[in-house]
Structure formats: structure tokens, C-alpha cells
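Participant: Here is what each chain is made of, one letter per residue.
Number of protein chains: 2
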Amino acid sequence: MGDLKLVKDFTVGEGFFGRYEKLVRDVVLPYQEKALNDQIEGAEKSHCIENFRMAAKKLKTGSCEGEFYGMVFQDSDVAKWLEGAAYSLAQNPDEELERRCDEIIELIGEAQHEDGYLNTYFTVKEPDKRWTNLHEAHELYCAGHMIEAAVAYAECTGKKRLLEIMCAMADHIYRHFIEEGAEGYPGHPEIELALLRLYRCTGDERYQELARHFIDVRGVDPDFYKKEVEKNPWRVWGNNVGDKIYNQNYAPVRKQDKAVGHAVRAVYLYTGMADAAAQTKDTELAAACKTLWNNITQHRMYVTGAIGSAYEGEAFTKDDHLPNDTAYAETCAAIGLIFFSNKMLYLERDGKYADVMERALYNCVLAGMQLDGTKFFYVNPLEALPGISGEAQTHRHALPVRPKWFACACCPPNVARLLGSLAEYAWHVEEETLFSNLFVAGTLDLTARFGGKVELHTDYPYDGKLEYRFMPEKGKTGMKMTLAVRMPAWSEKTDICRNGKAADCEIKNGYAYIQGTYTADDVITVMFDMTAKRVYTSSRVSANTGKAALQCGPLIYCAEGVDNENDVLSLSLKRDGEITVSDFLPDELFGIRKLFAQGYRETAGEELYSFDRQEIKPCQITFVPYYTWANRGLNQMRVWIPERD
Amino acid sequence: MGDLKLVKDFTVGEGFFGRYEKLVRDVVLPYQEKALNDQIEGAEKSHCIENFRMAAKKLKTGSCEGEFYGMVFQDSDVAKWLEGAAYSLAQNPDEELERRCDEIIELIGEAQHEDGYLNTYFTVKEPDKRWTNLHEAHELYCAGHMIEAAVAYAECTGKKRLLEIMCAMADHIYRHFIEEGAEGYPGHPEIELALLRLYRCTGDERYQELARHFIDVRGVDPDFYKKEVEKNPWRVWGNNVGDKIYNQNYAPVRKQDKAVGHAVRAVYLYTGMADAAAQTKDTELAAACKTLWNNITQHRMYVTGAIGSAYEGEAFTKDDHLPNDTAYAETCAAIGLIFFSNKMLYLERDGKYADVMERALYNCVLAGMQLDGTKFFYVNPLEALPGISGEAQTHRHALPVRPKWFACACCPPNVARLLGSLAEYAWHVEEETLFSNLFVAGTLDLTARFGGKVELHTDYPYDGKLEYRFMPEKGKTGMKMTLAVRMPAWSEKTDICRNGKAADCEIKNGYAYIQGTYTADDVITVMFDMTAKRVYTSSRVSANTGKAALQCGPLIYCAEGVDNENDVLSLSLKRDGEITVSDFLPDELFGIRKLFAQGYRETAGEELYSFDRQEIKPCQITFVPYYTWANRGLNQMRVWIPERD
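Heads up: the protein sequence lines correspond to chains F and B, in order. Residue numbering for the first sequence follows our numbering, beginning at 1 and increasing consecutively. Residue numbering for the second sequence follows our numbering, beginning at 1 and increasing consecutively.
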């Protein structure tokens with residue numbers, strides 16, 4: 001599972017994600033770097049870097065001027081940015097950027113205590129309160145993100161300084177929780193998955209042990225947070241220590257069977273659990289992960305791969321409660337679902353996990369960012385109602401257009417680091433098999449493993465054709481391997497050819513396995529069925545009864561007012577009507593295909609209630625990919641549209 | 001507008017509301033009396049009466065033991081109960097009940113300060129803070145309710161003691177706000193409508209002046225609450241003084257054009273405004289009332305007559321935002337909408353106002369009480385989803401079954417006082433015309449006015465036939481008058497007969513005016529069209545697109561799981577299918593008619609999302625009147641059902 005190696009060994013090509021790769025490099029990372037340094041006029045102050053400077057000064061001189069500013073977990077923004085920058089450096093060497101990263105890393109080192117402890121909030125503001133509020137103070141969460149950054153930076157640049165810093169912090173945590181036996185588990189899981197990455201990177205088994213420790217003790221004493229606050233009554237927000245469902249400690253994790261509480265925390269926890277289960281062959285833990293993954297994907301996930309039905313607590317609610325206009329559907333949570341599903345693939349090689357990764361990536365996650373990379377959504381509703389969305393007291397979170405930056409800036413850098421490390425999700429290598437999970441055009445260097453490179457040429461997701469080509473290294477004629485291509489559940493008919501003829505392959509659990517010794521002349525061509533189709537929700541879900549959504553390839557579509565006479569609420573889809581896929585439109589929304597569906601429009605009556613059905617006229621409804629919504633100003637948007645005959 | 005006289009002069013007959021009248025007398029009032037006296041085991045403590053005892057003792061002796069308990073507006077529960085008891089006494093003389101009321105009234109008198117001031121919260125708990133927190137402390141609200149009780153008790157029993165007490169309090173308020181020029185207006189309107197009742201009862205014009213004062217100054221200084229809290233920073237809940245929309249002071253009331261903020265406060269305010277406009281022929285104020293009434297009924301009212309779309313603030317949200325499962329739809333707010341609409345009828349004799357009274361009464365208000373009178377809903381959603389309703393963090397308020405009693409017990413006594421004074425809404429007398437707005441069976445004594453009595457015989461709302469009979473007083477042969485019967489908008493065809501032949505009448509603005517000199521042999525018969533029909537919502541309302549509800553007479557119907565295989569979410573109505581009205585079923589739900597509609601049921605698939613439409617089978621859907629829902633245990637309920645061909 002040398003997943004990060006894949007990021008380094010993969011060169012993103014010219015396709016769909018090529019544009020995103022450049023956007024992250026040229027726009028998103030520089031913008032976020034400025035934000036971290038408080039150089040963006042009119043945006044909320046970050047103060048991230050300044051917090052590190054203050055902590056460093058305090059450690060050096062015994063005091064510092066000014067005050068810690070920002071969230072208790074402000075450090076993590078630097079970590080996520082560094083991680084994103086590391087991935088970008090792996091693709092695009094940039095001496096200047098690397099120098100600035102190194103400077104920040106030096107500063108981080110200066111903010112580290114001699115005993116390895118690192119957290120600017122505590123160093124600057126609460127030096128006596130270390131480890132006394134695991135419930136809210138997010139020390140372990142910040143450590144986790146910085147460990148991830150350290151691993152990424154080491155793998156991508158070869159430079160070990162941040163890794164040393166974070167190993168010292170991990171050692172500190174190990175001493176505190178293992179050797180000294182401190183009780184407790186993190187309020188915001190993240191450290192678990194990070195320590196497992198650190199273990200894979202360093203080989204130090206204590207980090208795996210520590211990750212398993214946090215997983216194993218969670219919920220064993222479900223009153224831990226209550227006892228903690230009795231001992232140390234200081235609070236960050238005053239969150240409810242007794243809400244065991246919300247705190248995800250209602251049972252030991254192996255007995256948990258519902259995805260509950262803060263959605264990002266949940267999927268970060270489950271990612272660590274799945275990774276630990278795969279690494280240590282823990283079948284009981286693996287079974288719990290499957291139960292939780294099934295609970296999410298069968299009862300608590302939007303069709304866009306978004307999770308978290310409620311603003312209240314940024315959280316899961318109850319089975320089959322998926323309101324469209326008030327969804328929380330946080331970008332970070334969809335990213336976390338990708339992390340979790342990716343780890344599930346290592347536990348069980350089944351295409352359904354990659355199907356969910358794809359669903360979340362192409363729909364919720366991409367919608368989280370304006371197409372030009374300068375604005376972001378935290379919340380990704382499936383229906384926007386100007387005048388209500390972002391305005392009614394029930395919809396303050398559900399903005400109908402993306403704002404610039406946030407006081408709590410977790411989502412933007414999370415998008416950057418995910419897009420920068422797509423190879424880790426797109427490709428898996430297990431023994432003699434190369435798994436192609438997500439179809440990102442580019443070149444994967446497998447010289448060490450299979451003696452050559454594999455290229456994927458495709459205009460996916462706007463074209464259903466994948467072409468895998470092979471470049472054996474000099475002196476070799478072929479690459480002996482099995483290429484395993486995911487067969488997405490949405491493609492009803494998939495053709496797989498080898499050099500123009502039907503390929504000999506085995507289809508198993510959502511993958512087509514094609515064995516061979518591939519030469520430079522070989523081409524594996526895969527053709528998916530890109531017919532536009534209707535999606536239906538189980539009638540268990542009240543919000544979508546009587547409605548359908550449209551999907552084409554992996555893309556969920558939506559109807560926006562701007563394409564539909566500024567009124568999508570009066571539209572209905574004709575049940576068996578035709579759906580036409582447009583030509584590729586390179587100049588619209590950075591290149592899309594639209595869908596045109598037969599439907600009806602009700603003529604709007606003035607009366608709120610009436611006994612007479614409104615007049616209904618046939619019309620054509622225009623749909624655009626959901627991820628492109630709200631890029632053309634304020635207007636109505638709807639994914640689920642009523643159907644009629 | 002001697003409206004309360006109607007309550008005294010009307011004797012409820014055996015019909016639909018006869019049962020409710022007895023229920024209020026035999027169950028609701030005794031139960032609530034016990035609750036006020038903390039005699040109900042397992043229910044939340046009220047402490048209402050005890051607060052008065054403590055205040056009385058403190059005034060007498062200078063101190064009292066114990067502490068004030070309950071909401072800052074706890075006094076109002078006593079007031080509402082007394083008002084309900086007064087109406088009951090008008091119908092059913094009951095010496096014991098009257099004696100107990102008199103005792104409470106004596107106690108109230110003992111809790112009054114020499115200067116007329118009356119409020120147990122301030123007397124017991126905050127003696128130095130009178131009139132320093134109009135925004136939150138609800139002194140004027142409590143005074144308003146007790147004034148209403150005083151007027152009712154005087155009109156219904158002839159006893160003036162409570163009236164004297166409350167005149168002294170009103171005089172105190174007059175001195176403070178008019179003579180001494182204290183600034184401000186109530187955070188929770190109610191005093192306005194109460195003072196206008198007091199003016200009508202006593203003829204003292206200062207009370208009308210004071211009511212108009214509170215109406216006129218509202219929103220003239222929209223920063224009043226801000227200034228108030230700067231001067232006196234104590235808070236009850238810490239409500240936002242700067243939220244002018246929520247505080248209903250975003251403009252002087254004559255310039256307000258959207259119904260906003262706390263829904264009960266809003267309609268109480270508008271009731272006072274409409275009453276003042278009618279009393280003083282204030283055309284500008286009348287115009288504002290019409291604008292606000294139209295805004296509510298065309299953009300912010302549920303089909304059940306419920307208002308208030310959000311739990312957050314118990315408030316209105318934005319135009320055309322009417323979610324079904326998360327509605328707040330407070331019983332008290334629907335009652336307030338009846339108050340408001342009733343006053344609008346005096347401003348403009350148009351049946352649409354009475355149509356809305358009827359909609360709110362037969363649907364939302366009646367649903368607020370268990371059919372046996374022992375349990376109550378605050379919140380009346382239009383969809384209940386067991387497992388989500390009352391459980392998800394977004395649905396904690398939207399309980400799927402009625403609880404016993406509430407810490408904030410505003411709705412139960414409000415239902416009691418409304419049901420006890422229905423005559424005030426059912427009948428209006430203006431010059432030579434008797435308006436029959438709501439069709440409550442019984443006998444109205446109009447001897448003083450028209451020289452006799454009018455009887456209404458009907459099994460409405462389960463039968464569309466009304467029979468008006470006349471009983472001239474001894475020595476008179478006929479009653480010269482115009483009978484004006486409302487023609488409900490839902491009745492497409494209405495027949496009006498006089499002694500079996502088509503009556504000569506003028507139809508105008510929703511009323512049929514039938515002139516005559518009525519003798520004991522005359523019968524006016526009105527037959528409404530009781531065909532069950534579909535209701536549609538404007539497509540402006542996202543929640544109901546593609547859906548229909550069923551209505552029969554004034555009753556909105558709903559489908560409950562208990563009648564429909566425990567699953568109403570998979571049901572759809574056949575667009576032009578037949579709807580059958582059952583025979584009257586005296587033994588079901590205290591007597592109802594059911595509706596049986598042709599529809600379809602989707603077979604439930606396991607998958608959350610699928611590309612294949614579920615299998616759909618024809619079925620019959622059973623509907624019961626909305627007001628009877630949740631009387632047969634926990635189950636799904638839905639008013640709006642998707643339609644298909």
C-alpha cells in the first residue's frame with residue numbers, strides 16, 4: 001500500500017483533471033498561501049503563519065507580543081496547504097515554492113517544544129492546558145494533519161525535516177498516551193489515519209500501535225469526555241460532552257453500526273479504522289467498517305456523494321433523511337468519504353467502493369470549488385432557492401453562490417490536497433495487478449514494479465473511451481501484469497478490446513481483469529455506455545418521492561434557472577421522454593456536455609393553493625453537470641425533478 | 001363589534017363543536033387547572049398559582065419563601081385558563097368552578113401593587129427591574145392576557161373584580177407610557193389587542209389611545225431595543241436586539257409589508273392593528289393589515305392554516321418556504337391567524353377572511369389537541385416520519401405523537417379559550433345583518449337586536465347541509481334581518497333555499513345575503529358541494545411540486561401509515577383517479593368520514609439509488625382528516641402526496 005509513491009510516479013495528462021492540476025498549482029495554492037499569510041484584501045484573516053511565528057518567538061525568548069488568533073485548530077490549515085504544495089512539487093518542480101515551504105517547515109520546527117510537543121494554540125495561549133480537553137481542543141487533529149503533510153513532503157520532495165519534527169511529536173504523543181497511560185481519544189478523529197501513514201512511511205511500529213490504540217479505546221469508556229470536563233472544566237465551544245451519538249463514542253468502534261455525529265470526523269475515523277483493519281488483518285474491525293460504509297451509502301449519502309444532512313452539528317442525522325435544500329453536505333465530508341472508500345478497496349476489492357469515490361469526486365467535491373479556483377462552497381445543497389437559500393434562518397449555511405474564503409478554512413485546502421494526490425485513489429498496485437479505479441488521464445511510472453510505464457488516454461468523464469498504452473523500459477519488450485479496470489455500475493454495457501478485438505478478461509466484483517505481457521504496440525480500449533439516464537431514490541427518502549435526477553457517465557446533472565427561463569420549480573420530467581446529450585461544448589463552463597430532456601412546465605398561477613391543476617405545457621429542460629452549478633450567478637438549481645407521464 | 005356578547009348569547013348545539021365544548025368543560029379545563037396547581041403527576045411543573053401566592057405574600061409581609069419558577073411569562077397561563085373558564089361558565093353555569101375562579105382572582109388582586117402594577121416574575125424575582133426589558137420580559141404580554149381574561153370574565157359572569165384589577169394595571173401602564181412618556185413597545189405584542197377589548201368593554205378611551213400608542217411607535221425607532229439593553233443590560237434569554245426583522249420593528253407598522261419574526265407575536269400584533277384600524281377608520285393602517293394578511297395567506301401559510309415555517313425563532317422565514325416535515329406551525333400561531341382574520345372581516349366584509357379562519361380552525365388548531373383532550377401538539381407538521389420526526393436534530397420540535405404538557409404551556413389553554421368562544425368568530429352582527437361565518441350548530445339569542453333567536457342545525461363539517469331556523473320572541477311574528485351566509489371558496493356549487501325553493505339572495509364577496517322577515521316557519525337551507533377534491537400548491541413552493549393534497553368540505557386530509565400498510569412514502573395519487581367519500585363512521589376517531597383514492601404503490605427496493613424505476617402497482621389509498629392524525633400511535637403521516645397518471 002505504498003499509496004503516496006503513486007502520486008510521485010504519476011504524471012497527470014491533458015484530460016479533465018489536467019486542467020484541475022494546473023488550476024491547483026497556478027491559482028488555488030498561491031491564493032491559499034496568500035490567505036495563510038493574511039495577504040488577501042477583504043478576506044477573513046487567517047493568521048496561521050503568524051501563530052507559528054509567535055509560538056517560535058515565545059519558545060526562544062519566553063514571551064511574544066500579540067495574541068493567538070483563529071480557530072483552536074488553525075494550525076491544520078498550514079498543514080493541509082503544505083500537503084497540497086508537496087503534491088504539486090511532485091508534479092511540477094518549483095524551486096521558489098519549495099524554498100518557501102522549507103521556510104515554513106523551519107518555522108514549524110522553531111515552534112516545537114523540546115519534548116516534541118507542537119501546537120501554537122497551546123504554546124501561545126494555553127501553555128498549561130495541554131491534553132486536558134481532547135473533546136474540543138483538537139490537538140490530536142492538528143498533529144494528524146501535520147503528520148500527513150510531513151509524510152507527503154518527505155515522499156514528494158525527499159526532504160525529511162518536517163518528518164523529523166512530526167516523528168518527535170508522534171513520539172511525544174506515544175509517551176503521553178501509551179507509556180504514561182493517559183486516558184482518552186480525540187474529539188475530532190484524524191490522528192488515526194495520519195499515524196498509519198506515518199507508520200507506512202517510517203516503518204516504526206509504534207505509530208501503528210498508537211493509531212490502533214486511539215481506535216481501540218474509543219467508546220470503551222463512553223463517559224470519558226464527561227469525566228474529562230469534570231476534571232478540567234475549561235471549554236472551547238461548550239460542546240455537549242454527554243452526547244455520545246454526536247461524539248461517536250456510543251460504543252466501542254467495533255460495535256458501532258450507524259454513521260453518526262459530525263460527518264467529517266466520522267469518515268476520518270472510519271478511514272483510520274479501515275486502514276488499520278487492512279494493515280493488521282483485523283476482521284472484526286473490517287466487519288465494522290463494512291457495516292458503517294453500507295449504512296452511509298445505503299441510507300445517509302446524497303446522490304452527489306455528499307454526506308451530512310444537517311447544519312446542526314455539521315452532522316449525519318437519521319437513516320433516509322436526505323433533505324436537498326438544507327443539506328450540509330460539506331465538501332470536506334465528501335473528501336473524507338473518498339478517503340474511507342479508498343481504504344475499503346484495500347480491505348475488499350470491490351468496484352462499489354471506487355464507484356462511491358467517483359460519485360463523491362465528480363459531483364460533491366468538484367462542486368466545492370468555483371470552476372476558476374477562486375471561490376469555495378463548504379455546503380453543497382442539491383437544491384438552491386434564491387430568496388430562501390442563504391437567507392432563511394434554516395438556510396443560512398446553504399449559500400446559493402460561493403464566497404471567497406472562510407474564517408474556518410478547512411475545505412479549500414482539502415480540495416487542493418485531494419486534487420493534487422488523485423493518483424493515490426485512481427491507481428492501486430497489488431502484487432501483479434494494476435487497478436485502475438478512477439480514470440485520470442496521464443502516465444504512471446511502474447518501472448520498478450512492472451518494468452515500464454502505463455499511459456491512460458481519455459477524455460473521461462465527457463467521453464466513455466479509455467485507452468491504456470504501455471511503455472516497457474528500454475531493453476524490455478513487454479510488461480507482465482494484470483490490468484484491472486473498474487466497471488462502473490452506471491455503465492450498463494462496457495466493451496473491452498485488446499488491439500481492436502474483444503479482450504480476454506475476467507469480470508469480478510466490479511473489475512475487469514486483463515492479464516498479459518504488454519508491449520509498446522498493445523492498446524487496451526474500454527468503452528463505457530455514456531447514455532444519459534434517470535436515477536431514482538428509494539421511496540424511504542421523503543424528499544425525493546416522485547422525482548428523478550439525470551446522470552451521464554459519472555456525472556449527476558442539475559437544472560439551473562439560467563438555462564431554464566429562471567424557473568426550475570415549475571418543471572417536470574416526462575417519464576419516458578427522450579434525453580439528448582449535447583456535443584462537447586468547450587467554451588461553456590470550461591468544457592461540458594449538456595443534457596436536454598423532454599419535460600413540462602406548469603404555468604405559474606398567482607394563488608398559493610388552488611383546486612385546479614395548473615396548465616401544463618411540454619418543454620425542453622436543459623441540464624448541466626452538478627459540479628458546474630452556481631458558476632453563472634445567483635439562480636435556482638435543482639437536482640431532483642418531479643416526473644410525470 | 002360587541003363580539004363577546006355573542007359568546008354569552010350563543011348556546012352550542014349537538015353538532016361537531018358540541019363535542020368539543022363538552023371536552024373543554026369536562027376534560028381540558030379541569031386538567032389545565034390541575035396543571036396550574038402542580039397536581040399532575042409526571043407532568044412538567046407549572047407553579048403558576050404558586051407564583052401569585054408568593055407575590056401576594058411578599059406584598060403583604062415584605063418577603064416570601066421560595067423562588068419564582070417558570071417562564072418569565074408564566075402568569076399568562078393563569079390568564080388564558082381564566083379566560084377559557086369564563087367562556088365555559090357562560091355556557092354552563094358551575095358554582096364550584098366560578099368559586100375557584102373567584103378565589104384565583106382574589107389572589108391575583110392580592111398580588112397587585114398599590115400603583116396597579118401586576119406581574120409575579122417582577123414582584124417576586126426582579127422588583128427593581130420593572131419596564132427595563134420590554135424586549136424580552138413580556139410584562140405587557142402578561143398584562144394583555146390578563147386583561148383579556150378580565151374582559152371575558154366580566155362579560156360572561158357579570159363579575160367585575162378582575163376587570164377592576166386589570167383596569168388599575170392598564171391605568172398604571174397608561175401613566176408610565178403616556179403620561180410619563182416612557183419609550184418603547186412590547187417584544188411580544190398582545191397588549192394592543194387586549195387594550196382594544198378593554199376599551200370596548202369599559203368605554204374608556206384611554207385604553208384605545210394606549211393600544212394605538214403601542215401600534216404607532218413600533219418600529220419608528222427601530223433601535224429602541226438596542227438602546228434599551230445598553231441602558232439596562234439584563235437579559236432573559238439574550239435574544240438579539242439588533243435583529244429588526246425578527247423583532248418586527250424593521251419599519252413603522254404602516255410600512256411593514258412582510259409577515260416576519262415570531263409567528264404568534266406577528267399575528268397578535270396584526271390583530272391589534274386590524275382592530276384599531278376598524279375602530280378608528282384608519283385607512284393607512286387598514287391597508288398595511290391587508291398587505292400583511294395577503295403576504296401570509298399567499299406566501300407563508302400551510303394548507304392547514306398553519307403559519308411559521310421554522311423552529312428557529314418559532315418564526316416565519318421567507319416567501320414560499322413551506323417545508324412539511326420541519327414546519328413549526330405552532331397551534332397558537334394558527335389561533336392568532338384566526339384572531340387576525342376575524343378582525344379583518346370587520347375591516348372588509350369578504351368571505352376570504354372567514355375561509356382562512358375555517359382553514360386554520362378545522363385543520364391546524366384542532367390537530368393541536370388529542371381527540372380525547374388530554375394531550376397537545378405545539379408543532380403541527382404536515383408530514384411525520386417515525387425515526388426522523390422528533391429525533392433528528394433538525395426535527396426535535398416536530399414530534400410525531402402528542403406529549404402530555406409542556407414547560408411552556410401556551411398552546412393548550414389557547415385552544416381551550418378559542419373553542420370556548422367560537423361564537424365570536426362564527427357570528428358577526430353588523431347593523432341589520434347577521435353574518436354566519438363559521439357553521440357551528442347551536443342557538444344564537446338575538447332578542448335585543450332582532451327580536452328573537454336564530455338556530456343553526458347542521459352536521460357540518462361532515463355534512464354540507466345547513467338549516468337556519470328562527471324563533472321570534474313571544475308576541476312577535478317575525479324577525480326582520482338580513483342573513484348573510486359565507487359561501488366557502490371550496491364549495492363549487494352552493495344551493496340556497498328558503499322553505500324548499502331557491503332563495504332570493506345576493507351573492508357578494510363570498511357571502512350570500514338573504515333579506516327577510518323570518519317567522520317560526522321559515523327555514524333557510526344551504527347545501528354545499530362536499531365532493532372530495534385535490535388541492536395543488538403553486539410551483540413557487542419547492543416542497544410540494546408534483547404533489548396534491550385532498551380536501552373535503554373544509555377538511556384537509558392526510559394519509560397515515562396505520563391505514564396504509566405502514567408506508568405512505570411509497571404511495572402516489574392517480575391524477576384523474578376516483579376519490580370516494582366514506583359513510584360517516586361514528587366509531588372511528590370520534591366520528592369521521594374517510595376518503596379512498598385511487599393511487600399507486602412503489603415496491604420498495606433495497607438500493608438507495610437505482611437506474612430502474614421501482615415497480616408500481618395500483619392500490620387504494622385511505623385518507624383521514626388531518627386534525628385526527630397521530631391519535632392511533634406512532635406512524636407515518638403525509639398531507640402532500642406525489643401524483644402520477
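Certain hints may be false.
Intra- or inter-copy, both count: the list cannot distinguish identical chains.
Said to hold, decoys possible - Straight-line alpha carbon distances no greater than 20 angstroms define the calculated DMTMM-like cross-link-like pairs of lysine to aspartate or glutamate that follow:
(1) K258 / E391
(2) K574 / D645
(3) K574 / E615
(4) K352 / E95
(5) K617 / D576
(6) K533 / E615
(7) K617 / D645
(8) K290 / E588
(9) K501 / D350
(10) K258 / E607
(11) K255 / E95
(12) K5 / D204
(13) K352 / E607
(14) K290 / E607
(15) K352 / D612
(16) K129 / E312
(17) K34 / E209
(18) K352 / E606
(19) K255 / E164
(20) K5 / E41
Since the hints were derived computationally from the structure, they do not count as laboratory data.
Participant: Give a verdict on every hint.
Facilitator: Structure-based check of all given hints:
Only between protomers do K258 and E391 lie at most 20 angstroms apart by alpha-carbon distance; the minimum there is 15 angstroms, versus 32 angstroms within a single protomer. Taking the shortest alpha-carbon separations for K574 and D645, both the intra-copy value of 5 angstroms and the inter-copy value of 11 angstroms come in at or below 20 angstroms. Proximity of K574 to E615 under the C-alpha cut-off of 20 angstroms is found in both arrangements, the shortest distances being 15 angstroms within a copy and 17 angstroms between copies. With identical chains, the CA atoms of K352 and E95 are never at most 20 angstroms apart, being 41 angstroms at best within one copy and 75 angstroms at best between copies.
Within a single copy, K617 and D576 get their C-alpha atoms as close as 16 angstroms, and across copies as close as 18 angstroms, so both meet the 20 angstroms cut-off. Taking the closest pair of Cα atoms, K533 and E615 come within 20 angstroms of each other only across two copies (17 angstroms); inside a single copy the shortest separation is 27 angstroms, beyond that limit. For a Cα distance limit of 20 angstroms, the shortest separation of K617 from D645 qualifies both inside one copy, at 12 angstroms, and across copies, at 16 angstroms. For a Cα distance limit of 20 angstroms, the shortest separation of K290 from E588 qualifies neither inside one copy, at 40 angstroms, nor across copies, at 47 angstroms.
In this homomeric assembly, K501 and D350 never come within 20 angstroms of each other (Cα to Cα): the closest approach is 26 angstroms inside a single copy and 79 angstroms across copies. With identical chains, the CA atoms of K258 and E607 are at most 20 angstroms apart between copies only, with a shortest distance of 17 angstroms across copies and 44 angstroms within one. For the homomeric pair K255 and E95, neither the shortest alpha-carbon distance inside one copy (49 angstroms) nor that between copies (63 angstroms) is at most 20 angstroms. In this homomeric assembly, K5 and D204 come within 20 angstroms of each other (Cα to Cα) only inside a single copy, at 18 angstroms, whereas the closest approach across copies is 89 angstroms.
Taking identical chains as interchangeable, the C-alpha atoms of K352 and E607 lie at most 20 angstroms apart only when they sit on different chains, with a minimum of 13 angstroms there against 47 angstroms within one chain. In this assembly of identical chains, the alpha carbons of K290 and E607 lie at most 20 angstroms apart only when taken from different copies (16 angstroms versus 50 angstroms within one copy). Taking identical chains as interchangeable, the C-alpha atoms of K352 and D612 lie at most 20 angstroms apart only when they sit on different chains, with a minimum of 18 angstroms there against 46 angstroms within one chain. With identical chains, the CA atoms of K129 and E312 are never at most 20 angstroms apart, being 28 angstroms at best within one copy and 36 angstroms at best between copies.
With identical chains, the CA atoms of K34 and E209 are never at most 20 angstroms apart, being 38 angstroms at best within one copy and 62 angstroms at best between copies. Taking the shortest Cα distances, K352 and E606 sit within 20 angstroms of each other only across copies (15 angstroms), while inside one copy they are farther apart (47 angstroms). For the identical chains of this complex, K255 and E164 are neighbours neither inside a copy (36 angstroms) nor across copies (67 angstroms), given an alpha-carbon limit of 20 angstroms. When the C-alpha separation of K5 and E41 is checked against a cutoff of 20 angstroms, the pair qualifies neither within a copy, at 38 angstroms, nor between copies, at 68 angstroms.
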